[in-house]
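S.K.: Residue numbers (the numbering used here), protein chains in the order written: chain A, 1089 to 1410; chain B, 21 to 349.
Because the hints were derived from the structure by calculation, they are not lab data.
Check each hint, because a few of them may be wrong.
To be verified - Label pairs and their computed distance ranges (CB to CB):
no.: 1; chain 1: A; residue 1: Asn-1188; chain 2: B; residue 2: Arg-334; range: 16 to 24 Å
no.: 2; chain 1: A; residue 1: Glu-1406; chain 2: B; residue 2: Ser-237; range: 40 to 48 Å
no.: 3; chain 1: B; residue 1: Arg-261; chain 2: A; residue 2: Ser-1241; range: 19 to 27 Å
no.: 4; chain 1: A; residue 1: Pro-1360; chain 2: B; residue 2: Arg-252; range: 38 to 46 Å
What the hints assert, rightly or not - 30 Å max Cα-Cα, derived DSSO-like pairs, lysine-lysine:
no.: 5; chain 1: B; residue 1: Lys-233; chain 2: A; residue 2: Lys-1234
no.: 6; chain 1: B; residue 1: Lys-81; chain 2: B; residue 2: Lys-304
no.: 7; chain 1: A; residue 1: Lys-1351; chain 2: A; residue 2: Lys-1337
no.: 8; chain 1: B; residue 1: Lys-29; chain 2: A; residue 2: Lys-1234
no.: 9; chain 1: B; residue 1: Lys-81; chain 2: B; residue 2: Lys-29
no.: 10; chain 1: A; residue 1: Lys-1351; chain 2: A; residue 2: Lys-1120
no.: 11; chain 1: B; residue 1: Lys-24; chain 2: A; residue 2: Lys-1234
no.: 12; chain 1: A; residue 1: Lys-1377; chain 2: A; residue 2: Lys-1351
no.: 13; chain 1: B; residue 1: Lys-304; chain 2: B; residue 2: Lys-61
Ideal Cβ placement from N, Cα and C applies to all residues, glycine included.
Residue-level listing of the chains:
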Amino acid sequence: MSLLEVKNLCVDYEMRRGTARAVNNVNFTLEKGETLGLIGESGCGKTTAAMSILGFVTSPGRIAEGEVIFKGKNLRNFTDEQMRQLRGMSMSIVRQEAQNALNPVLTVGEQIGEVLREHGIRNKIDVEDRVDSLLEMVGISPERKKSYPFEFSGGMRQRVMIALAAIAEPELMILDEPITGLDVIVQRQLLNLLNDLKNKMNLTALLIAHDLSVIAEMCSRVAVMYGGFIVEKADVVDLYEKPLHPYSKALIESYPRIHGEKKKLVSIPGSPPHLLSPPESCLFAERCKKATEKCFRCIPEETIIDSRMVRCHLYSEEECNV
Amino acid sequence: MNIKFVARKILASFLTLLAITFVNFAIFRMVPGDPIRMMFKDPRVSIEDIEAMKVKYGLDKPMMGQYINYMKNLAKGELGISFWQKKPVGKVIAERIPRTLGLIGLSLFLAVVIGTILGAVAGWKGGSKTDSAIMGISMTLYSVPSFAFGILLMLAFAYHFAIFPLGGIETPASGFTGIRKIFDIARHMVLPSFSIVLWYIGQYILITRSSMKDVLSQPYIVTARAKGVRERRILTRHALRNAFLPLITITGVNIAFMTGGIIEAETVFSWPGLGRLFYDAVMKRDYPLLQGCFLVFAVAVVILNFAVDLLYTRIDPRVRINGEAVNEG
């Protein structure tokens, strides 16, 4: 049994001007101990998809369809209280914006320990010991648990966020752009730290990034998102060496390589799709060099080729039935 | 807490008070009207008598000399003799202080407690019917001037329904003692304090609500939810404490405004406190008494603001450690 199974997930944002489908028929599974990467440009629905796993879709957004199955149980049937018990304990999240993600008037120790206290671990000594060991694990001296967030640098705050997400040894950890906005040296340190934790705790993780190298560093499999759809899903190496979807290909070509021949970087023309009343066709078609007439007529279905998934008319023989 | 920070605050408070004594001294002497003329109601008084009176009260000296004299006496703790009551100003004021302090204390307490609770509920339940109802109340209260409240309250509850007394501090010649006396005074306090407090309740609701809504949209609230913290605890531990920070500043300012408002309320309800005394002193051009009242108000405001600053350091660690507020998060 997979740890997490997301089936046909659709998230709608209902606004006065219409409904925007931010996440569209998304399917993926996470096996125990695996790290899946979720990549795509801003606004493609990565974070919304991840937040709906935690049950964090708030008005005007709502999960319109689909199932989120965690350890065999459909989380959409869970009550608020059941979801709360899961959060922090069985699944946690490290978000971007570490700068404001910690409460400015509480010490970091209090904030880390709160995860355990709120889930019934009341023994003060146990909690404090655990906080100390977690701080140590993320590379912060335990004496600093009495400090406040504003006394830490950006990188250290993100370490605190990681400690906070890892303290209960959750089965699933969502890493939502955990190193975005930090300088490269700190990014490197945090990546090492996350890889360490992953191995030590046998973490299952969903890593969201818009940076290919981060995904390559941590994940075995990767899903590429565009306009709310997962357009391609493959092993990381396969995707890098032979991207199938024209968008994946363009994404890789727009990124510099350190090794290998020097190529001119290619940007993707056009801009991301508007999700309010989108066309009933491939959303990438307008920016796609290989688009055919069929691409403008209907939405491509998921096609499986050599155990990879791609959503593109180039690889499907089906005709549009509209 | 940082000693340097406290020392700096004390020094600043002291300088403020020094500046106040100067303004305090000058401003009443610029007001039209002559205290000597007020003392002799008789227009036929002789020039010699007026001059003698001036010398007696030190009003013959030039302004600067008068000021130096005033400061010298102040340093000795003497506030002068009231022109009007012919008694030491300190004594006249001292018996009034507890009455006004009681009124302001009660008003401030009611405003803060009622206003912040309603405001926090409105902010927490943003967009709901409860929110709209509370906002309606607050906008109404906020737009009516407090003296108007005073007169309306008096008309409704003292005259029409006759639940509360019209004015004064206790029932005359009642002979109440002990608990009954306290109860009697409390009954007299209700209308004046509500006439002051209603406007502030409106203001506290508005500010708490917007501060609450602002805090609730902060990433650290999402973090708390993602940690699986109970909603009740998110409210009490994470949201309220941050939402209260701007309220502390407002309260410091409000104390100053309230001492102004107390003059209206005490006059409307004939409450024999400092505000009423201040009003009488203005009418009588009683310089020493005016200065005394003004000084007491000023000292109270400065001390309370100092207390507010210290309180700030208790609940915002960013102030505690850096010595001044840093603007982040």
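S.K.: Would you list, in rising numerical order, the hints stated earlier that this structure does not obey?
M.R.: 9, 10
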